[in-house]
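**Student:** Line order of the protein sequences matches chains E and W. Residue 0 is where the first sequence starts when you use numbering that gives the first Met the number 0, and the numbers rise one by one after that. Residue 0 is where the second sequence starts when you use numbering that gives the first Met the number 0, and the numbers rise one by one after that.
Worth flagging that the hints you see were computed from the coordinates, not collected in a lab. Do not take every clue at face value.
Since copy identity is lost for identical chains, a pair holds within one copy or between any two.
Said to hold, decoys possible - Result set (DSSO-like, lysine-lysine): computed pairs, CA atoms no more than 30 Å apart in a straight line:
hint, residue 1, residue 2
1, 149, 128
2, 128, 109
3, 109, 149
Next come the chains, spelled out residue by residue.
Number of protein chains: 2
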Amino acid sequence: MTSTADPVEAATQAGDCDIALGEPSLLARVVPAMPRLRWAQSTWAGVEPLLAPTLGRHYVLTTACGVFGGLMSEYVFGYLIAHERRILERFASQRDGRWDTTAPGTLFDKRVGLLGVGSIGAALARTAKHFGMHVSGYTRGSEGCADVDKYFHGRAALRDFARDLDYLVCAMPNTGETRRLVDRALLDALPRHAVLVNPSRGSIVDEAAVVEALRAGRLAAAVLDVFDQEPLPPDHAFWQTPNVVITGHTAALSFPRDITAVFLDNYGRLLRGEPLRCRVDFERGY
Amino acid sequence: MTSTADPVEAATQAGDCDIALGEPSLLARVVPAMPRLRWAQSTWAGVEPLLAPTLGRHYVLTTACGVFGGLMSEYVFGYLIAHERRILERFASQRDGRWDTTAPGTLFDKRVGLLGVGSIGAALARTAKHFGMHVSGYTRGSEGCADVDKYFHGRAALRDFARDLDYLVCAMPNTGETRRLVDRALLDALPRHAVLVNPSRGSIVDEAAVVEALRAGRLAAAVLDVFDQEPLPPDHAFWQTPNVVITGHTAALSFPRDITAVFLDNYGRLLRGEPLRCRVDFERGY
């Protein structure tokens with residue numbers, strides 16, 4: 000075992016190691032110097048930095064999947080309830096000394112569409128059902144989640160998927176296929192009262208189209224955790240667009256307790272010669 | 000059937016009616032003029048106005064119990080998540096143009112204490128378990144809810160009940176026994192990082208003690224929907240107390256769809272000669 004704060008130095012020291020645990024952006028710097036690497040465990044859900052074709056693929060890469068479902072549920076449903084109950088607006092009333100009796104809405108009987116139903120999407124679907132919502136799922140073809148009421152597959156089905164949603168939630172990895180999936184056409188297909196929530200990857204959303212839809216009143220609100228450029232540049236239109244909530248890439252942080260559990264589980268599997276969980280398909284991109 | 004906007008006029012016209020459906024505050028005005036009244040269905044969960052000893056008790060009174068659990072869950076857990084994720088503070092950062100990456104907390108593994116485990120408390124317990132929380136319940140003696148991990152009974156147990164809570168949530172009716180249950184001693188027994196949530200009845204809480212605890216930093220925050228006097232008077236200390244959220248008695252409104260279902264269910268029971276659901280014990284007060 001080797002420990003140093005500098006990743007390049009770590010790579011030099013780690014040349015003989017066959018197992019690595021770390022953030023994808025740092026792992027990407029040491030992987031080329033680790034010819035004996037058998038397995039790398041990412042501490043994040045997304046592993047884009049390790050997918051560059053110039054990097055070696057001589058090892059098994061596993062993501063920290065399965066640990067973010069709970070955090071993502073708290074994020075998404077916290078902001079969905081905040082929207083229904085006007086938590087931000089009601090607090091503004093309070094600041095003005097006003098007894099605000101505006102009736103709140105409810106999640107019950109509302110419709111949420113999940114763009115992607117992997118481990119995070121499945122956790123979101125479960126919480127949505129807990130609150131009595133109708134759940135639609137858009138996937139490549141899988142239909143494995145019992146909490147999804149209706150599935151939609153392929154871009155041709157996107158308009159039907161979007162047509163009657165109250166909430167559109169992105170729960171997809173960043174791949175060529177998901178890039179700009181939330182574009183002007185998809186936003187136009189949503190009802191005007193719909194809310195977009197993106198806690199997954201900035202690349203999924205056409206940011207200019209979101210700004211335009213919000214300004215034109217064709218989208219009620221957008222809750223955005225991730226962006227094309229982070230930190231969001233000070234002159235970005237989102238800062239001045241009405242009904243945007245910006246949460247600074249904090250939706251689901253990696254807590255050591257969770258990541259340790261994932262690592263130990265996979266380490267046990269490696270020792271026993273069993274297949275590792277959450278293995279990345281380098282070609283597919285997740 | 001009789002229909003008029005004025006309750007006293009309604010009472011005159013309704014003298015012969017044996018069934019009534021309405022808000023307790025209005026029913027209290029017509030009940031004395033309805034000697035043939037067999038059954039009154041309240042459209043609210045609380046029925047205090049009908050408990051006055053001067054009013055007749057010659058009829059069966061049923062509350063709108065069982066319909067507010069979902070709404071109360073959305074209210075309570077919306078504000079619990081808002082606290083963990085700093086939704087209000089993060090939005091203030093955004094208003095200032097700041098990319099706020101402050102790490103959020105999580106409900107997972109946190110401890111919630113329910114003052115009262117009736118139909119609303121049970122719904123709250125179920126949502127708490129969904130988010131992976133530990134649930135304590137304070138009741139008169141009943142232990143019927145499987146989602147409560149640990150029960151506490153009687154005032155002597157209140158300090159133990161409160162000792163390690165992250166959240167204290169009131170889910171009790173207004174009776175002599177619940178009056179000022181949340182007093183200085185109970186607030187002192189809570190950890191300093193605890194949050195008080197009261198969506199049930201203002202009388203349960205000693206408001207001056209809450210103000211004092213918040214100002215002294217012995218309580219982290221209070222989310223209050225109900226108050227001794229409503230609307231909250233403009234000169235009330237809560238308006239100027241830090242870390243208070245005031246929600247104007249909107250936690251769980253009576254939606255016609257829900258109340259109609261309760262009324263029809265009980266009406267069917269009445270016709271079939273079965274016991275009505277959610278019958279009030281006039282002596283007990285709920």
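**Student:** Check the structure against each numbered hint from earlier and tell me which ones fail, lowest number first.
**Tutor:** none
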